[in-house]
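Peer 1: Construct the entire structure; sequences and hints are all you get.
Residue 880 is where the sequence shown starts when you use the working numbering, and the numbers rise one by one after that.
In short, the hints are calculated from the structure, not lab data.
Any given hint might turn out to be false.
The calculated label-pair distances, taken between Cβ atoms and stated as ranges, are [to be verified]: (1) R958 / T884: 33 to 41 Å; (2) E1037 / P937: 36 to 44 Å; (3) S1018 / G900: 21 to 29 Å; (4) S1036 / K1010: 32 to 40 Å; (5) G888 / L946: 34 to 42 Å; (6) N1070 / E1037: 17 to 25 Å; (7) R926 / E961: 22 to 30 Å; (8) A1024 / R883: 36 to 44 Å; (9) G888 / V940: 33 to 41 Å; (10) H994 / E1037: 16 to 24 Å; (11) T881 / L946: 35 to 43 Å.
Positions of the beta carbon are idealized from the N, C-alpha and C atoms, including for glycine.
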Amino acid sequence: MTMRTRFRGYLPVVVDLETGGFDDTVHSLLEIAAVTLDFEDQHLVARDRHRWAVIPHPDTVVEEASLRVTGIDLNDPGRGAESELEAVRELFRIVRAEVKRHGCQRAIVTAHNAHFDHGFIHAAATRNGVKRSPFHPFSVLDTVALAAVHYGHTVLSEACGRAGIDYDADRAHSAAYDAEITAGLFCAVVNGTAPVG
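Peer 2: Given below as structure tokens:
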């Protein structure tokens, strides 16, 4: 079993973002987290974890309600935030290296409500003139749909409970934690589903 053969040449990369709102054309990108995956003994597992705190792009808006939900303090120097351009470039560099390592043709955004994350990543890349995204331009792997089919529930915390994954609500709405939990859910679905072919 290889990543290339199991997913038809596409490399799932689990992504979670924290944002300043819901509109990728208007609202800021505040955090990016990514988890790479690999097979060990025929089981899909989380491998490497990456996280970037992002300085809001000057052409975007941050809603106060989003900061209350995420608990992000934009003025905290301990965030270690970097520009949107630097964060997106580094994400793409890591993902390209993983695509090459696995012999895949492209990565695919894998997330809970994946089109949301895909849209924000695409908007940030476009806004900063970052070319050659390693991600498929429109296809995603959405754990909302997978959890609905596999576990009968779409809410991340509930789907994790049904999959036997501990979910800590106090750590939710951190990109790093949510990406880690989503990776666990995706691996549980894949490992419990017979591969085709």
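Peer 1: Looking back at the numbered hints, which does the structure fail to meet, lowest number first?
Peer 2: Hint check: 8 fails alone, others pass.
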